[in-house]
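Input sequences plus hints: build the corresponding full structure.
Just so we're aligned: 321 in numbering that gives the first Met the number 0 is position 322 of the sequence shown, and the numbers increase by one with no gaps anywhere.
Don't read these hints as lab results, they were simulated from the structure.
The model shown is predicted, which means the values in this text are computed figures rather than measured ones.
Incorrect hints may have been included.
The following label-pair restraints were derived from C-beta to C-beta distances [what the hints assert, rightly or not]:
id	residue 1	residue 2	range
1	N112	M38	49 to 59 Å
2	D193	N128	55 to 65 Å
3	H115	L13	17 to 27 Å
4	R259	S154	38 to 48 Å
5	S359	N207	46 to 56 Å
6	I20	L352	48 to 58 Å
7	L205	S154	36 to 46 Å
8	A168	D195	19 to 29 Å
9	V106	L35	32 to 42 Å
10	V180	L219	18 to 28 Å
Note that the Cβ used here is the ideal one computed from N, Cα and C, for glycine as well.
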Amino acid sequence: MLSRCTLRWRLTLLHTAAFLIVAAIVVTMVYFQNRLVIMKIGSTGAPVDLMLPTAGEPGPGENAPHGAAETDAIAIQQNEALGSLLTQWIVALTVVTALAGLLAWWVTGRVLNRVHRMTSQARRISTANLHERLALQGQEDEIKQLADTFDALLSRLENAFNAQARFIANASHELRTPLAVARTTLQVGLATTDPDRVRRVREELLHNNDRCIALINGLLTLARGQQGAHRQDPVDLVDVVHDVTGELGATRPADGPHVRIDTPTRCMVFGDPVLLAQMVRNLVDNALRYNASCGEVFVELDAEGNLTISNTGPEIVEDEVDRLFEPFYRGATRTGRTSGAGLGLSIVRAIALACGGTASARPRRGGGLVVKVRIPDASSTLVTPADRLLVETGLPGKR
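Okay, structure coming up:
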């Protein structure tokens, strides 16, 4: 029966019933206490001289009609007093219970008005207006915390939808060119049976296919970083830096840029190990690509999670630095130099933001670029006791 009622009715009935039970217990206790007091008045309230015989009065064993009449009168008065007292308490209990029910109805309505506003606002929010928020005002209570949590959820949903939209737009824009090139290559190159022409077409198609695969992988990594880090494992950033630089250093030519590394003994951060490795790989790879043939790459990391990577590449204009973090923008000095898609620094900033950090860049004096990434170390990150134990013991996280 109560399940069909609204929350306001259920709370009102619950509060009223609780008040009625407590008040009834109190009234019962007070009634029996007063009953004991009133019953004692009849037995001990008469003066002592009335209880002893005097001259001309009947002694013990004699008839005492006046004493019996007094006893009956006292008993009647006691019953009337108890009845009147009981009636007054019952009436008072009924009236106070009714007032308590009305007060509970009013208070519950005032409290639930904020919930009704939240419900009304939430119903109006859709994919077309995900930028709107509940923005509930008032004191910091449980309802305000619920509204703030819902607003945070909407922010994450908005970021996810925006990342998805950007991913679709970027993918459709960037894949259009290699697909058109592949179609043209097939139509023109395969129009002849010349073995040399067929071989060149095959190489061009393979190269174009590799570019499409690299582009798709970059877009997927960018979208994953923009959606936030889903894992929060303890990661030693020193190991990540050495592993990535060793991997890229093994594939660079002998006369290529020289990599100098300066890291502490340990730098524990919380984040997705795969994304952090991708971030460092993009930074080092960019520093190697856009560099002089005999240049240098400087990789510096401190114990607080500040990673700085610089190179000795071509000079970059100050106004152009911020745009390097935009997807598919490579700058005037970088266009046409490599086969990259222009997603490296965009992925770096997305991963840094997903891990709660920042990414910035500035031109290096004498040529080149200095990129600084700040990943909060484990000591400044809110973690569970289990995660902190993993950091202290150096064990890998399990999630």
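(request) Compare the structure with the hints numbered earlier in the document and write down the numbers of the violated ones, lowest to highest. (result) Hint check: 5 and 8 fail, others pass.
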